[in-house]
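For this one, chain A is given, so just place chain B on it according to the hints.
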Amino acid sequence: LAKTTQPISMDSYEGQEVNITCSHNNIATNDYITWYQQFPSQGPRFIIQGYKTKVTNEVASLFIPADRKSSTLSLPRVSLSDTAVYYCLVGDIGRDDKIIFGKGTRLHILP
Amino acid sequence: GAVVSQHPSWVICKSGTSVKIECRSLDFQATTMFWYRQFPKQSLMLMATSNEGSKATYEQGVEKDKFLINHASLTLSTLTVTSAHPEDSSFYICSARDLAGRVREQYFGPGTRLTVT
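These protein sequences, in sequence, are chains A and B. The numbers in this note's numbering rise by one with no breaks, and the one at position 91 of the first sequence is 91. The numbers in this note's numbering rise by one with no breaks, and the one at position 24 of the second sequence is 24.
This is chain A alone, in the form it adopts within the complex (with noise of 0.2 angstroms):
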């Protein structure tokens, strides 16, 4: 899996955008870009994934410039239920990749 680099913490408002972004300079042809959210004391819950360009479902959007050395999860107007470690994760881990995580982005929602 390729390396990631993500900020260590975030704090947002409510009703905020947050942006997290994630470097991965050495990503692979092959390497997809996804993007779990984990609670305390709970398993890591999917939350997006994309090749390229911009991906978008009901809980986030991914962007992916053309040169995929880096993305970034948008979260539209968060709410406190949002505080949570957003990890980003390359590679095909769907196939044939084990997942190593790096130490995430935690996320701090403030009212």
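Bear in mind the hints are in silico, worked out from the structure with no lab data behind them.
So, partial list: chain B residues that the calculated Cβ filter (under 8 angstroms) puts toward chain A:
#: 1; residue: L44
#: 2; residue: T49
#: 3; residue: I93
#: 4; residue: R104
What follows is a list of derived Cβ distance ranges for each label pair:
#: 5; chain 1: B; residue 1: N51; chain 2: A; residue 2: N30; range: 20 to 30 angstroms
#: 6; chain 1: A; residue 1: I8; chain 2: B; residue 2: G61; range: 19 to 29 angstroms
#: 7; chain 1: B; residue 1: N51; chain 2: A; residue 2: H108; range: 36 to 46 angstroms
#: 8; chain 1: B; residue 1: K20; chain 2: A; residue 2: T72; range: 40 to 50 angstroms
#: 9; chain 1: B; residue 1: P40; chain 2: A; residue 2: L110; range: 16 to 26 angstroms
#: 10; chain 1: B; residue 1: E63; chain 2: A; residue 2: T5; range: 27 to 37 angstroms
#: 11; chain 1: A; residue 1: S9; chain 2: B; residue 2: E59; range: 20 to 30 angstroms
#: 12; chain 1: A; residue 1: K52; chain 2: B; residue 2: C13; range: 45 to 55 angstroms
On a predicted model such as this, the values are computed, not experimentally measured, just so you know. Built from N, CA and C at the ideal position, the CB exists for glycine as well.
Chain B in isolation, oriented as in the chain A frame:
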């Protein structure tokens, strides 16, 4: 989406005893499952890859004789912590791939909190 369950959700045991944790894929078959350990305020650490019908592959530094993994069927993997000690107290999480699924993801169980006294 696919569901992975773990049992028990929490367990307290005495030092020196063994504890078995089950990981089940409820609505899909998983030839490969993964076991992680997570200490407070830390990230998940991959312990081993569990392969159905064959021996597990352990990550460097993980004692295979202490953490016994059995993947006897396509829907069940077990992790047995043998001769548990207080330093084994942690949050254990499993995950599984659904190779037949549309999305290229891994599904995680809810975790098992192990406390060794």
